[in-house]
Amino acid sequence: MADKTEKKTLHAYAFRALVLFFVIMMIFTATSRVTASLTTARVTVEQPGERRIEHVVNAEGSVEKNRELAVLTEEGILVKTVYAAPGQKVSEGELLAELDTGHLAELIREKKEELDILRLTAENAAAAEEQSRRENRTAKQRALEDAQNALADAQALYDAAAAEQSSASDAYYSYQSAHTADSGNGEVWSQLLALQDAMKAKQTACDDALRRLRDAQIAAARAEADINVSQTNDQTAAISEIQMAQKERELLGLEELLKAGGTVVSPVEGVVTEVFLAVGQLTPGTAAVTLADISSGMCYRAHIKKEDTAYVSVGAEVTLHKNGQKLEGLTVGAVEPGEDGSFDITVYLDAEAPLSIGDAASLEIRQTSGLYRTVVPVSALHVENGSYYVYVAEEEETVLGMQYQLRRVDVQIEEKNHLYAALSEGTVSSEARIVTDTDRYVEAGSRVRLREP
Amino acid sequence: MRKKKSDPICILVLFLPAVLAVAPLVFLATGSFMDTQEIRDYIGPVLSGSEGFAVWRLFPVWPTLVNVVELFLDSPEFFQMFWNSMKITAGILAGQLVFGMPAAWGLARYEFPGKKAVWFSYIVLMMMPFQVTMLSEYLVLDKLGLSDTLLAVILPGMFLTFPPFLMYRFFCGIPSSLIEAARVDGAGELMVFIRIGIPVGSSGIISALVLQFLECQSMVEQPLTFLKTKRLWPLSLYLPEVDLSRSGFALCASFVALIPALFAFLYGQDYLEQGIVASAIKE
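As you go down the protein sequences, you meet chains F and W in turn.
Take any residue in the first sequence, count from 1 to its spot, add 9: that is its number in the working numbering.
Take any residue in the second sequence, count from 1 to its spot, add 1: that is its number in the working numbering.
None of these hints come from the bench; they were simulated from the model.
On a predicted model such as this, the values are computed, not experimentally measured, just so you know.
It is possible that part of the hints are untrue.
Claimed, not checked - Over the 10 Å line for every Cβ pair with chain F, so calculated as not near, a few chain W residues:
1. Glu78
2. Gln81
3. Trp84
Said to hold, decoys possible - Short derived list, chain W residues pointing at chain F, Cβ under 8 Å:
4. Asp8
5. Cys11
6. Phe28
7. Val69
8. Ser76
9. Lys231
10. Arg232
11. Ala265
12. Leu267
13. Tyr268
The beta carbon of each residue, even a glycine, is placed where N, CA and C say it ideally should be.
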């Protein structure tokens, strides 16, 4: 009986436990569904479309001078007044500075004195040179005469020595031939030796005379050659000439400046870029004032990043914006490397352009590509190890019914801007639902829900 | 009556196989509270073919509730399939009550021409594996337009022959005198069946239902053959979908899937014993 009661209790408990289990499972069924809906990402999808990729390059820059020229004046003149300032627009002939005319006149006087000194110095130099030339010529002439006299004397001595040598030789040979039979005779022999010694002595004297004659001939020839060698010119006079010419030019410049009242005027219409004059100081040897020449037009310069240069080329259309005004029809004149890896764009402006040097303006360059058939928003792209991929939401049959599951598709980017990216043809179909936005982290295989468009 | 004292040797001999039989249950229960890394450390040689032997601990070194939380709060698919299993089971059991029970009563209590042939066909059909009748069932269900619906699994299950076979034994055991007495009292055949047959034969009925319940919970081939839509799959098809990287979760899901069968068994244990005894008694 107790067993039966026990069994009945076990049955009841088991049944109740089973019922309770089913209730718990129902509760957790609902809970898990709620949790799944909370954790399931909601994504926005778009299908790839046809589009042209437009690249817009924006940059800030300013209008600058196109041609700069220097306004020169004489060096070393005291500056009385400076009227020009950097950035000032000046017209042709406008007064830029005034120089001290008193100091100018003093400088002119000094220049004239220097010129006189140079002139006198040149004259002295010329006279000294003439004198030197004359004396040199006389000395050479005298040397030639002396050499010719020495030559004549040497010739005479040689002739005499030759004659004596000939006599001595004749005497020896005639005595020898006359006393051939008496060659053993001591007296004859002594006489022969004496005649021989005399002949030898005369020979030696003749040789000496000949050698002296040769030397005299050489000396005479040299003296004659020296007559023909011209004297080196003294350049002092020429230098003085040049210096005088320089002084005359300087003097002329100063006189003209004085005639103009010591004023420095602008030669063209332009904008003062730099002023190198200071009141009370002397004018420099370089430019007094530099001007941006407006008459030759202006240029607009801006800096762009290196990656933007792919969309900018010489001749590309440019639009400038300033205070709501639009200036169209311009083109890129030059693209050059700048500082810090950036690039400088130059746009040349006509003189009639409604902009002034120093004005700030923004630049806009638009470049539109060809038509791409598979274009997606840039927000759809993901990057891993330098490669791009997108997530495609595909409907799959799951235990919970048809659900969208993400599949990763690696893609190649042909071109992109900050909004759209053109993918290589064939990577995704035109009907593919590409995820462009999601409200939480997703990865390949994630179950997602599509947001209502 | 005094209970006979248990023989210790008998207990010992029976205890060891009992431990072995319960071991998988313990394995599931403890594994439900282990994380995947710990499970991989223990049975890695089995799962991934690494060197060494598989081991197991009764108590996890790093117990965790992550598998339980993931199962109950983050796995709506598990519940979808759980209720599919319950629908299939309930449908089949209801069908057995409606069709199988009267069939067993008729075979047990009435004589009619061709009864032996019918009974013989029941036996033959009971012994046939599913693969033999699979194609014919598929063709019929497809013609009926029931393909890829829960009825494709429920309808054939309603007409399984083993439950009536089990109920038949119990209905045969009802004394004829009891039935005759009811007839004498004016009860019709239906009344006899409802008022006497079902209550007296309830043990057999419940044991048949319990066994069928357990059978339905582990049904794999029929859903795999007749159900294409994953939304209709029962729990028996979910667990093989869980990969080895979620071992802890798989063990937890298996343990939870086991609970209804466990309660059903606890409830119908006595009836099962009676059913097994009854089927062993020769006529």
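Non-conforming hints, listed in increasing numerical order: 1, 2, 3, 4, 5, 6 and 7
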